[in-house]
Amino acid sequence: MSDIVLNLSYNIKYQTNYDRLLDYRAQIGIRFITRRKGSLIAASLAVAIAILVVQVNSVIFQGLYDAIVRDQVNYRFGHVYITRQENFITKSDFMLVNWLQRIPYVEAAAPRVDTSASINATVNGKLIRDYAVPVIGVDPVLDKRASTMYQTVGNGEYVSFRNSVVLGALVDRDLGSPQVGDTIKLKFKDQHGNDILRRLTIVGITSTAGSVGLDNSIIMNIDTLREILDRPHQTQSILVKLNDATKDKDVKDLFLSAFPSNADKFKVETIEESAETTLRGFRSGIALINLVGYFGMMSSAFAVVTIQMMQVTSKTRDIGVMRAIGAKRKDVLLIFIFQGMVIGAIGAGLGTVMGVTYTVYAKETHMTFGGSLPLEVKYNWPSIIQTDIMAFALAIIASIYPAYKATRLEPVEAMRVG
Amino acid sequence: MADYVLEVKNVDKVYGQDETEVYALRNLSFSVKRGEFMLIVGSSGSGKSTLLNMIGLLDRPTRGKVIIDGVDTSALNDNQLSSFRNSKLGFIFQSSNLLSDLTVLENVTLPRKIQGSMQNAEEESKSLLQTVGLGNQMYKFGNQISGGQAQRVAITRALVNKPAVVLADEPTGNLDSVSAATTIQLLKSLNRKLYQTFIIVTHDRHQFGEVDKVVTIKDGRIVKEEMEASLT
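Just so you know, the sequences run in chain order A and B.
Numbering follows this note's numbering, with no gaps: position 125 of the first sequence is 330.
Numbering follows this note's numbering, with no gaps: position 53 of the second sequence is 58.
Bound conformation, chain A alone:
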């Protein structure tokens, strides 16, 4: 009876179909490592932790990069940003916006005018006269469709009527925290160089996480600003929001083919181009952080080498016996390579589970950077798979040297010292 139970448990445990189908070298390699649970756990964890480090780096720093891209798209540039190489766009913004909105990939487009004005502000307790502040003129209707700036107005409302302004939170602070309903006096210069003084009513305060929006600016009605600058119907930029962000180059090409740059001197940029200055530093940072992750992976490879060397030492006698009964050097090599494959596969699997769990956590908890900027967390499957393949390959590569050492053992010596 006990024999039947033993036989059955053996069949369940070791004599399953996959075991029968496996090459004996794979079978022995798997058995060697799976019956040394400490070594298996240590080596697999080394691989898994390396993958986790890469994944966490990716979630945080790629998430931060994507968050900055997202905010630059939403607040400043759209997916495609149209300006004119020289001066203002003189073509009708109404016509351009309508033309753009006929492109199927375009969700909305909105004109903007940028200038600066001076105000009297108190900064760090000191009154500063003619404190320069950026002023953005927006179309109250179109801008709400093309940008999410209006959602950042936590106090009050977005620019609505002609003489209304929305203050950026930093400007509001520097002005001594005026409230919605108060008025401020701004001094502009029109296109002829004349000073224009205007008293405008504060209708809202805009504040964005990480101050990546227009927190240091004043937002006002585009028509009021055009009138102040004496630039009727002129536009400085058009931001275009797409329903498919991957089509930015297509939209750019379409626009430039319709409005050739030699005639209209339009400058059309995708978000990668328009936000290049901001993003360049982050790209270098991400590359550096990824490098740190890959160094972590190299460390895990060293851990695998060490554990595999210990395996070879503990299996020296078995190697000698196998060689004596006819195993070739390449058979011994394959046994330890298969061990590396088991370590790599389990480590990669475990690392993926840990990495994806962290990503789920980051996504579900709306993880922020610096306590304010919400990260743009994505399940980057190609990157996850690439990391897994790299970790798996590294575990195999790390097994080559110990496996080679095992093949150099002479049977008599191996059986004597093992």
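No lab work stands behind these hints, which were simulated from the structure alone.
Keep in mind that this is a model prediction, so the values were computed, not measured.
Treat each hint with caution, since some may be false.
[Said to hold, decoys possible] Lysine to aspartate or glutamate pairs mimicking EDC-like chemistry, simulated, CA-CA at most 16 Å apart:
1) K535(A) - D83(B)
2) K242(A) - D64(B)
3) K533(A) - D83(B)
4) K167(B) - D74(B)
5) K533(A) - D64(B)
6) K118(B) - E569(A)
[As the list claims (entries may be wrong)] Here are the computed distance ranges between Cβ atoms for each label pair:
7) I602(A) - K223(B): 25 to 31 Å
8) S49(B) - R613(A): 25 to 31 Å
9) M515(A) - R65(B): 28 to 34 Å
All residues carry an ideal CB built from backbone N, CA and C; glycine is no exception.
With the hints as your guide, set chain B onto chain A.
Then chain B, alone, in the frame of chain A:
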């Protein structure tokens, strides 16, 4: 012409060079017929294990030839030697040297797996294990059975590829007297039943009783070669 399964011709094994040169074996020659049960005896350090390593192709002689089943093994490369060991030789070591991570049955089938001839391997291994009285132990791991049982598994493993010669190095050295007697009985019965050639290294020839041939080695030289007629 006699049916020699093993011929050792003028074998020297020298360790070191020039002044440090030490002869472990010196000009050894003998031959073994198919189906013989032969002992190599000698005291510790006499060179009997070194000789067994030469015959087992685990080490190469400095000079001379080892011919097994008509093949001059001195011309074989490392891979060919491995294949030759697998198909022509069976090994029984002093300690059973079973792979502790494999079951008894897997240990026995291992030479067949290495050979790549798995047809009926499991059935034949099971049958051999039944023959040596281990039919009920085949799913245990190597470290879950007694020393005597492990040595019987090692004997089965040595036989599974139907080798030309089975080499045993002090096969009873690590066993108690009862297990040792059982093991010797088993080896002799397999010799008779399977007409299997056995070459056994031992320091205690009397343990084995009647055998076909005894070669006595001292200081790396054959000092006595006794045949069946003189032994009985």
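Comparing the hints with the structure gives:
no. : hint                          : verdict
1   : K535(A) - D83(B)              : holds, 11 Å
2   : K242(A) - D64(B)              : violated, 35 Å
3   : K533(A) - D83(B)              : holds, 8 Å
4   : K167(B) - D74(B)              : holds, 13 Å
5   : K533(A) - D64(B)              : holds, 15 Å
6   : K118(B) - E569(A)             : violated, 52 Å
7   : I602(A) - K223(B): 25 to 31 Å : violated, 52 Å
8   : S49(B) - R613(A): 25 to 31 Å  : holds, 29 Å
9   : M515(A) - R65(B): 28 to 34 Å  : holds, 31 Å
Consistency with the previously given hints fails for numbers 2, 6, 7, ordered from lowest to highest.
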